[in-house]
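> Model the placement of chain B on the given structure of chain A, informed by the hints.
Residue numbers (my numbering), protein chains in the order written: chain A, 6 to 282; chain B, 26 to 198.
Rather than coming from a laboratory, the hints here were simulated on the basis of the structure.
Every residue gets a Cβ at the ideal spot worked out from N, C-alpha and C, and that includes glycine.
What you were told as hints is all true, and nothing was included just to trick you.
Here chain A is said to cover these stretches of chain B; the calculated rule only asks that three of the stretch's residues, wherever they fall, bring their Cβ under 8 angstroms from a Cβ of chain A: (1) 75 to 85; (2) 94 to 100; (3) 122 to 130; (4) 141 to 155.
Straight-line Cα separation of at most 20 angstroms, PhoX-like style, residue types lysine-lysine; simulated pairs: (5) B:K90 with A:K23; (6) A:K41 with B:K27; (7) B:K89 with A:K102; (8) B:K88 with A:K125; (9) B:K45 with A:K50; (10) A:K24 with B:K89.
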Amino acid sequence: MRVIKNSFIADTVAELCKKAAYTLPQDIINSLLFAKQKEKGLAKKIIELTLKNAQIAGEGTFPLCQDTGTAVLFVEIGQKVQIEGSLEKALQDGIKKGFKENYLRKSIVSEPLFERKNTKTNTPAIIHYKIVEGSKLKITLMLKGGGAENKSQIKMFNPTSTKTEILDFVLQVIKTAGASACPPFIVGIGLGGNFEIAPLLAKKALLRNKPNKNLNYKKFEQEILTKINKTNIGPQGFGGKITALKVYIEYAPCHIASLPCAVNICCHSSRHAEALL
Amino acid sequence: MKSQHLTGQNLNELKKLKTKDFIFLSSSVYVLRDMAHKKLLQEKVLPLNLKNKIIYYAGPSPKKKGQTSGALGPTTSSRMDKFCKKFIEKTGIIGIIGKGSRSKEANACMKGKVVYLAALGGLGALGGSRVKNSKIILYPELGPEAVYEVQFDKLPLIVAQDLKGNNIYGECK
Chain A
6 MRVIKNSFIA
16 DTVAELCKKA
26 AYTLPQDIIN
36 SLLFAKQKEK
46 GLAKKIIELT
56 LKNAQIAGEG
66 TFPLCQDTGT
76 AVLFVEIGQK
86 VQIEGSLEKA
96 LQDGIKKGFK
106 ENYLRKSIVS
116 EPLFERKNTK
126 TNTPAIIHYK
136 IVEGSKLKIT
146 LMLKGGGAEN
156 KSQIKMFNPT
166 STKTEILDFV
176 LQVIKTAGAS
186 ACPPFIVGIG
196 LGGNFEIAPL
206 LAKKALLRNK
216 PNKNLNYKKF
226 EQEILTKINK
236 TNIGPQGFGG
246 KITALKVYIE
256 YAPCHIASLP
266 CAVNICCHSS
276 RHAEALL
Chain B
26 MKSQHLTGQN
36 LNELKKLKTK
46 DFIFLSSSVY
56 VLRDMAHKKL
66 LQEKVLPLNL
76 KNKIIYYAGP
86 SPKKKGQTSG
96 ALGPTTSSRM
106 DKFCKKFIEK
116 TGIIGIIGKG
126 SRSKEANACM
136 KGKVVYLAAL
146 GGLGALGGSR
156 VKNSKIILYP
166 ELGPEAVYEV
176 QFDKLPLIVA
186 QDLKGNNIYG
196 ECK
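Just chain A, with the same shape it has in the complex (with noise of 0.2 angstroms):
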C-alpha cells in the first residue's frame, strides 16, 4: 500500500483554487485567439477585453471572476492508495484554505430555501469519488459560476428520438442562456447514463479538452458547435460568429427505454485544475 497524508492533500486542493481562479487554460485561450479573427466591431473588442482579463488574472492579483464559484471536485483514488486521516476533510480543508488565502468569493450556502445563510468558507464542495485500480490519486478542481450552471438542463428523450432531436434541444438551451450565461459557451453534454449520470457526464464533458475519440460523437460535437455559432448570440449576447467556443459530449450506456440527454454551460472562464498525487 502507498500511504499518503491527509494535510498533504489539503495543501494541494488549496494550490489547485489558486490555480484554477486565476488561470485561463491555454487551450481556452487559444480558442479566444481564434474567435477574435473571426469577429469584427463590438464583439472583436469584446473578445480582445475577454483576452485582457485573462492577462489581468494571470498577475495573480484578481480572480478572473468574482464569482469563483462552487468548488466541484473529482476524486480518483487507486486501490493501492492509503489515506493517513480523514480524506474528505482533507479536501473540504483544503478548499476554506484555499477560497480563504487567494480571496475568492465565498458562495455557498448551507440551506436553499429558508435561511440561506453564507457558509463563510464555500464548503462544502461537492465531491464526486471513484475509485479506480493503481497506486496513484488524482484530483480535479472545477470552479463552476452560478450563472451559467442556472441555465444549464437536462431533459429525457425516448430511445427512439433522433440526432436532430437532440441538437434542436441544445439549440434551445443555448437561446434561453443567452447574455445571462456569459458567451461565449463551453458546452457540455451527457447523454446516455441515467436521471443522475447525464448531467454529470455533461459536467465531466467540460474537463476535456481534446477532441472526441469517438468518430460519429466528434463529428456531432462539431455539427453542433456550428449550429450554435449560426444563432447569432455572440460574445456577451450582442451578436457576432463566435457563440459556444467548444462543444463536448461524454457519453454512456443506458436503459432500452431511455435517451437522457443533459446540457451543462459554462461561461468561457472555463476553470479547473488537476493534480496527481
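Showing chain B alone in chain A's frame:
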C-alpha cells in the same frame, strides 16, 4: 470603435445614450444583488439615497490588502426583474448595470426612466482593476451580497436598453 466617457460631472448624458453605444464610466455606483433588493424593499424608510444614482447588480470577491477592490463583474439581471418596478419607483435610480436580457415587464418599467447598461460578464478581473475605491455601506452581514459603494475609473459598458426602450438583446434574436 468610438466610445464615450461618462463621469460624475456629465452623468446626465446617460439619458442621451443609444442602444449599442460603447462607453467608459467613471463615477460612483451602488453595487447590490438579490438579498439586498429583498431587504431594501422591506424597509419602511430607505436607509440610503439612490435618487439619480446608478446601481450595479453584482457581488465582488474579497479585496486583498492594499487593493481598492476584488474582482467585480455583473450578475444575471433577470433575477432582479421581480423587484425592478418597485425598486425604480421607491429609489429614483437613473441607471442599472447588469448582464443579460430581462423580462418584458422589467424592460417596460425601465423605459423612460432608467438606462440599462451591460457590463461584461465573466470579466471580473478587468472590472476590479477599474475600481478607484470601494466600501460596504449597508447590510455587511450579507457578506458578498452586501451593498457596496464603488467608484469606477473607466469601466467599459455597453448600452443594452436606452431611455426610449430600444433593446440590444431584442435586436439580436
